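K.L.:
Chain residues, written in single-letter form:
Protein chains: 2
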Amino acid sequence: MSKDKVIRMEHGAGGEPMQALIRDLILNNITNKSAGPVGLDDLDDGATINIANTMDGSKKCDEIVITTDSHVIKPPFFPDSNIGRLAVSGTVNDLAVMGAAPLALTCAIVVPEGFELESFEKIIKSMNAAAEEVGVPIIAGDTKTVERNGLDSIIINTTGIGIAGDVIRDSGLCPGDKIILTGTIGDHGISLLAHREGFDFSTDLVSDVAPLWNMIRAVIPIRNVEGKPAISAMKDPTRGGLAGALNEMAQKSGTGIIIHQRDLPIKESVSSACEMLGIDPLEVANEGKAIICVKAEHAEEALSIIRNHKYGRDAAIIGEATDGHSGKVLMKTIIGSMRYVDIPTGDLIPRIC
Amino acid sequence: MSKDKVIRMEHGAGGEPMQALIRDLILNNITNKSAGPVGLDDLDDGATINIANTMDGSKKCDEIVITTDSHVIKPPFFPDSNIGRLAVSGTVNDLAVMGAAPLALTCAIVVPEGFELESFEKIIKSMNAAAEEVGVPIIAGDTKTVERNGLDSIIINTTGIGIAGDVIRDSGLCPGDKIILTGTIGDHGISLLAHREGFDFSTDLVSDVAPLWNMIRAVIPIRNVEGKPAISAMKDPTRGGLAGALNEMAQKSGTGIIIHQRDLPIKESVSSACEMLGIDPLEVANEGKAIICVKAEHAEEALSIIRNHKYGRDAAIIGEATDGHSGKVLMKTIIGSMRYVDIPTGDLIPRIC
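Same order as they appear, the protein sequences are chains A and B.
Counting from 1, one number per residue, gives the positions in the first sequence under the UniProt record's numbering.
Counting from 1, one number per residue, gives the positions in the second sequence under the UniProt record's numbering.
Keep in mind that the hints are not guaranteed to be accurate.
In this list, chains with the same sequence are indistinguishable; a pair is considered to hold if it fits within one copy or across any two.
Computed cross-link-like contacts, DSSO-like style, restricted to lysine-lysine with a CA-CA straight-line distance of at most 30 angstroms [stated by the list, open to error]:
no.	residue 1	residue 2
1	Lys33	Lys332
2	Lys5	Lys74
3	Lys5	Lys228
4	Lys74	Lys328
5	Lys122	Lys332
6	Lys125	Lys332
7	Lys74	Lys33
No lab work stands behind these hints, which were simulated from the structure alone.
Please read all numbers here as calculations on a predicted model, not as lab measurements.
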């Protein structure tokens, strides 16, 4: 941080510069950072609020989970989707990977003058469709306008409130756990890039933006013989891609992670586009995928449930957590060698979420 | 709405065009709009979530209140304050006027590349100071960067979760209730305008941005002999100013409102600046003031409590609700005539909240 005097694009890219900005200028300057077991310092997908302690607290209440995201994406419309579906899905998914059923969303829009009302309405309709898919109401909002020379596209903040019986953390990984990825990587990032830059990699590649709660809720009840949850950790690989999310999970839990390149679900069109552009598909953002870590003995059961859902048809067990290589992610390549999967360092491809 | 094809600045100004946009393009396109007694259609300062119904629900729980605001203000630093204090205060106040103690805030920042890190840190420190004033933790966040040609200043979304024993609505006004304004009008808008445009109206005029929960919490417990709350309605007069807020309260409750010009607290510097610029001070945004409606027999008690607080020293009873003039606001002028106080129709002064 010390060498920077101004914000750079990398400060919002999900890698090390963003972590440094958040740690040095935000976390260091906030005094009160929690209202329950999971707070700002945890840098999880959301935080928890202990309502029971605030009310009369005589019985164990479920945990309230809250998460917020401001969505900036250019262009706001992209193959098969738009920023409205992205905003709702992103927030629903942040709740879902914490094991929380979405209770309600808020939506705050900042829109430049000159933005077409027809596009505005399409975005709202897409928000509604995504919210309806998982049955979550949109209960409060805010609309601000900005002069056209001050902002060049629409920005949508969605904040979500959820409720969880057992909060699932991104830090809960244990050695031996299997790692399930719920679908192919890189679809959102590469389809958006192709659309924006006018590349024609493939006619059928579309963004994967989707609200995953209905799929994730089906695996949360899996329990071992002692009645303990079989799911140990979850996270959605958005900014920073699979590489960013897995590294965070490894660091927070202190376990190592080994993934197998041959088992990674990836579309041929994404793979060849990444090769052509020199982009690592592990670092490309996804918006309709989740990493689900599960006790080994329940991995096949969880995989089967996920594959039964329309958003999980390409799901695969991509690796496992290990005792060794604490805090690191390794990949066994197709040719059998091992390589470290590093934390993305910058803004490798144009902002896509 | 029908004549417009694109967003105009007025669509975010708090007046009729904004109401039409929200009604026609947002409310009409959202299917599920509530998770409790107060939802999106109510267009109140926040919404409620019925946690008791979601959990096992055997006892009456207090109500969870949620509110969201994206703050866009240029310049982000202004006399005595900045966008950070504004963002926290605005959200705390939206909870407070619903009778809700702030439990937790989230903060999502969108910042352009090139923004100075020193300014960024000052803003975070101001957010923290405002949050500390009312003891609310900031528990979740998000940081996004945007190319410098896509955005010209920082945007901060704050979403607040609160808890209320009795939710107070902006629609609860009854004929006979007294209307208390907690301080002088127009300070924020006029000080910001003077600062931005380089006018030198006064050396001592500063923005009034402040988190009002500690003041408001002191009047909420006032009860009548039957144990019912003496406070019937509250609202903070931000966008659209006092004129906008009072009209909304009159329309929603179906009562009339009469205010007395001679009782309106207004600084001499604000009054003369408004006269010089041809601005109606009733339409200027405030960020540290609340309208508190109270049963007549408890008005003096409430006023005295409010005046004891540092943010309420200039508080005054400015008028009352009436049976007649249903849904309208009238002002008895200093010379004794009556005039309608209309809903602001456009963006009369540059955006200041």
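K.L.:
If a hint holds in the structure, say so; if it does not, say that too.
P.N.:
Do the hints match the structure? See the list:
With identical chains, the CA atoms of Lys33 and Lys332 are never at most 30 angstroms apart, being 39 angstroms at best within one copy and 48 angstroms at best between copies. Taking the shortest Cα distances, Lys5 and Lys74 sit within 30 angstroms of each other both inside one copy (26 angstroms) and across copies (21 angstroms). In the homo-oligomer, the alpha carbons of Lys5 and Lys228 never lie at most 30 angstroms apart, since the shortest distance is 49 angstroms inside one protomer and 56 angstroms across protomers. Proximity of Lys74 to Lys328 under the C-alpha cut-off of 30 angstroms is found in neither arrangement, the shortest distances being 33 angstroms within a copy and 44 angstroms between copies.
Neither within a single protomer nor between protomers do Lys122 and Lys332 lie at most 30 angstroms apart by alpha-carbon distance, with minima of 44 angstroms and 46 angstroms respectively. With identical chains, the CA atoms of Lys125 and Lys332 are never at most 30 angstroms apart, being 43 angstroms at best within one copy and 45 angstroms at best between copies. For the identical chains of this complex, Lys74 and Lys33 are inter-copy neighbours only, at 28 angstroms across copies versus 32 angstroms inside a copy, given an alpha-carbon limit of 30 angstroms.
Of the numbered hints given earlier, the model fails hints 1, 3, 4, 5 and 6; all others are met.
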